[in-house]
Amino acid sequence: MPNAHGARPVSTSGLTKDYGDGAGVFDLDIEIDAGTIVGFIGPSGCGKTTTIRMLTGVIAPDSGEVEVLGERPVAFRPRTRARIGYMPQHAILYPELTLRENLNFAASLYGMPYRRRRRIKTLVDFVDLAGAMNRLPEEASGGERRRVMLASTLIHSPDLLFLDEPTAGIDPVLRRKFWDRFRELAEAGKTIVVTTQYVGEAAYCDYVAVMAAGRILTVDTPDELRHKAYGGDVIEFRFDRNLSSDEMASLESLPEVASEEWVGPGVVRVVVADPERARTVVADWASERDIELSKSEAYLAPFDDVFVELISRLEAVGSHEE
Amino acid sequence: MKSDQGVRARIIRTLGFCRKELLSVLRQPRLLVTLVLGPFLILLIFGLGYRESPHPFRTLLIVGDEEARVAAERADLSEAFGASIDLVGTATDVDEGMRSLEGGEVDLLIIAPEDSMATLDKGEKAVFEVVHGEVDPVVRTSIDLIARLAVDEINRRVLAEVVGTAQQETQEVDEPLADLREGSDRLVASLEHGDDPESLAEAQALNERLDELEGSLGRVQGVEPQLVVSPFDVTITQVNEVSRSAGVFYSPGTLVLLVQHLTLTFAALSLVRERQLGLTEVFRVSPLAGTESLVGKYLGFGAIAAIVTAVLTLLMSVFGVEVRASVAMYSVVMALVILASLGLGFVISGLSRTDSQAVQYSMIALLVSIFFTGFVLPLDRLAEPVHVVSYMIPATYGIQALHDVIFRGVAVELGVLAGLVGYALVLGAAAWWMVRREVVARPA
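So the sequence lines, in the order shown, correspond to chains A and B.
Just so you know, we're using the working numbering here: the first sequence kicks off at 1 and counts up by one.
Just so you know, we're using the working numbering here: the second sequence kicks off at 1 and counts up by one.
For the record, the hints were derived by calculation from the structure and aren't laboratory data.
Certain hints may be false.
So the derived label-pair ranges between C-beta atoms look like this [claimed, not checked]:
| no. | chain 1 | residue 1 | chain 2 | residue 2 | range |
| --- | --- | --- | --- | --- | --- |
| 1 | B | Pro-385 | A | Glu-65 | 51 to 57 angstroms |
| 2 | A | Arg-77 | B | Val-359 | 49 to 55 angstroms |
| 3 | B | Val-388 | A | Lys-121 | 55 to 61 angstroms |
| 4 | B | Leu-37 | A | Glu-184 | 24 to 30 angstroms |
Not the full set, but computed from the structure, chain A residues with beta-carbon under 7 angstroms of chain B [what the hints assert, rightly or not]:
| no. | residue |
| --- | --- |
| 5 | Thr-56 |
| 6 | Pro-78 |
| 7 | Arg-81 |
| 8 | Ala-82 |
| 9 | Ile-92 |
A quick note: this is a predicted structure, and the numbers were derived from the prediction, not measured.
A virtual CB, placed ideally from N, CA and C, is assigned to each residue, including glycine.
One chain only, chain B, in its complex shape:
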């Protein structure tokens, strides 16, 4: 049986590689489980364990003296500080508070200003001091925000108190005003029976001014103090009706990262393993063309990635993630993510000298993907020059595209789609060049 060198032979060689890659992966179930279920379980546990509202900070309030301490406890400031602050006690000694903070008994100290009225009388702001020992920048930002919100709430309450007091004080003029009104009414009545029209007109004008004064006073007294200090509120409406839970939001990103990592790792190990085994030497002597080897590998690994994508998509739907745009568009996006990731993997494989080097590069690609693709942080939180790194990773396009397809239910932005297609093509060409270099002998 002689070998064939026509189109049929090319197809047989290509499918030979496809079959070989499929068998190689399926014969390594542990690798498949490690690469797919491992990260999936980690992210699942993270999603289930993630608390959307942070744990409240255990807080000790420090006030100037014992009288203030009793007053503060009576005032029940917990509501004023909000749900993020768990007011565990009130004390008067700052040093004692610092010891509690250093001993880990509390997370925050809020030191109230001493004799704040005297400070305000001097025309200065009374300052609350918040002390903490946090090192995490996210937590520090959170404390900063919570402290400002708490002080805003205190300011609002103080202002409401002031308005309420002012309203009470205006009630003190109600009685003299009523006397004035009575006298004025009597004066108008007596002048109406006389012959002094000028005096009557003056008395009537006086009466009208009293009406205005009573009206103004009534409005001031009738308004709720809370409305005066915070007249506006806000309601938020989400047009796409997608669940706001973090688990749902991170699902598409997780899918893209998992599929990218899986395909990239398989591809990255593929060429380098053949080189280490010495198979490229056999390929160079055979009639194999670089294209046949590469297309076969694309087909083999692509089929595995497609199956994994289908399984993960099913799991996502179990967790309530639904594709709002067309399934065809979703499939196109994932197919492009797989193609681009395979291309990147083959390029990594071409650059690696050993399989451990290829694994290291794959892990670096995963780390870069977590931080720079919009998976954890929105892309606009990164400085513009860093976007170059972001758009060098297929997952960046994939995550953006899936957010459109899954959450917004709209067609993928043309730029994102073009980026993904371009990326897959450029990496595919680079991979072809590298594979060809591997399997075709080079003249001197």
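With the rest of the complex left out, here is chain A:
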């Protein structure tokens, strides 16, 4: 990842935590720049939370090197810890304290002065919780609890945020709000390391680390991941009629077309290396056959599909290399 903001807040090399029986994280190499949102995406049990725990110093790695804000996480100085915000996977709140009292307790954990009312109000507005702060956690919804957790994580204005599945179990509207907030924070110069099971959320990240079986399969921007998943850009062509099998074979034989797929009546998706050139070539090809091309546009495949495609592609490459 290019370093656009000076010293890298997170840097690992060969980072490993082995729980046995194939569980854990192995040979993790990653460098994260300041002011970016980096998403760790992968199926449940692929090692996302273990990675976050090693990066925050909750657990010590078995081997490898890791530096976060220039220090080994297990030996963080208090001053360094104060620059980090950590939101664990589950909403952890004291059940006897109201949401406001829980937030106040989080503020005191970071030694924030008692004149913190304005900061709390700002955060409460930030997470849209103004009407719920005097409720006990059991009286709050799952989404409200997650939002208090996010506010607690942000209470001390950390420079580096580790968010472990912050959107798990909350509705899509709220998820979108969360990602909007994360983007605001990144634009304010904060670095955000976030894990998620929702593959579609990869689109909100600056960089995505795809994980499976405790290893990072690839790290790239969302667009590049799409590219990697399909072997090029995908363009959706809409014709005035269905193509025959001979016409489909003819389309695939074009040198600009890597592959094609029939999607529906008159609709074909084509993987190409050069989208602009491909559009021209396919338009000419249709004209020669008296087929009317009504529309051609770039197809942004959902990240769920991208992820499945990517995993199978990368695993195939891995097994071939073995």
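The hints should help you fit chain B onto chain A, whose structure is shown.
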């Protein structure tokens, strides 16, 4: 607003924990009531219902024959057996008595020896047999004591009867002795007019011996038979003028046990709950130090325990328990009890994997405290090796210290105070080590 990492931040973190613990407890009034009022009410009911003298045993006296039965009933032996024995009847058939015992109609059978005079004549002791069906060792000991006291009383009465009879028998010699005295006086008078000085001297010596004999006989006849058989009695004086009621005596122990149980339970649940909630993970990432968390918890739970102690002390004074030594000393003792109990609670919390395990350990600590701290039994009733267990519990020191401060009105023994201070320090250090282990990440 950036966070601060200086001394002020440390104070804020510490007070944050203190406030959190206070709020957590105050938001659980039922827990507070259960932990404080529950045991208090149980002990109060126990104190009010406790009878200092045991209920008398319903007793059937079995004698050899009908004549003896009538004689026994006429003799009114109830007084002889004492207040602990309620003589409900007299019978002659042992089997009938056993049936009454087995049927629960009576608690004791006292079987009088048959033909005791003949046994005594043979130079053997006549034995009363006491039969009961009790299983409680304390009651069995009580029966043993009561039976021996009753037999002592019977022996005393028999002896008094013998002495009285002997005194009566000596009166039979009064008349011959008076005749002898009269003859002797006449003999002395006649010899005084004669010229036989040797005979006169002998007669006068005889008269003096008669004087001695009359004097001795008079003393034997003049002494009360009861005084002969039990010449000594005892009076007991208590120098500290403290009420001897059981309720008052057990109050300090109850206070110590309640405060220890309360603080220990809160502390024991504290760390384990945070671990189960997953908060220790958040703490590990934060700048929190183990000391800040621990001191905050000590302050929070300590404040609650102090309030509870003040309320219970007030209740104790209502029931007539007064602190005879200085209130400052009393406060120091209770503060040390609270500190040591909190330390023990945190250690328990560090050792427990779940909150139910922590509660179980707390209950075990309460049970051990009831039996091994001198609360129920004096410590010297326990074998020396068992004292190791006793002195592993803060309440042992606390109860001893409060007995000094409340009842004796003296300063606490230095050893007890040092034990309590040492205990609080050692447990505090162990608790610190455990809390630090919880909230600080460990390098591989």
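How the hints compare with the structure:
no.	hint	in the structure
1	Pro-385/B <-> Glu-65/A: 51 to 57 angstroms	55 angstroms, holds
2	Arg-77/A <-> Val-359/B: 49 to 55 angstroms	38 angstroms, violated
3	Val-388/B <-> Lys-121/A: 55 to 61 angstroms	58 angstroms, holds
4	Leu-37/B <-> Glu-184/A: 24 to 30 angstroms	52 angstroms, violated
5	Thr-56	5 angstroms, holds
6	Pro-78	4 angstroms, holds
7	Arg-81	4 angstroms, holds
8	Ala-82	5 angstroms, holds
9	Ile-92	5 angstroms, holds
Checked against the numbered hints above, the structure violates hints 2 and 4; every other hint is satisfied.
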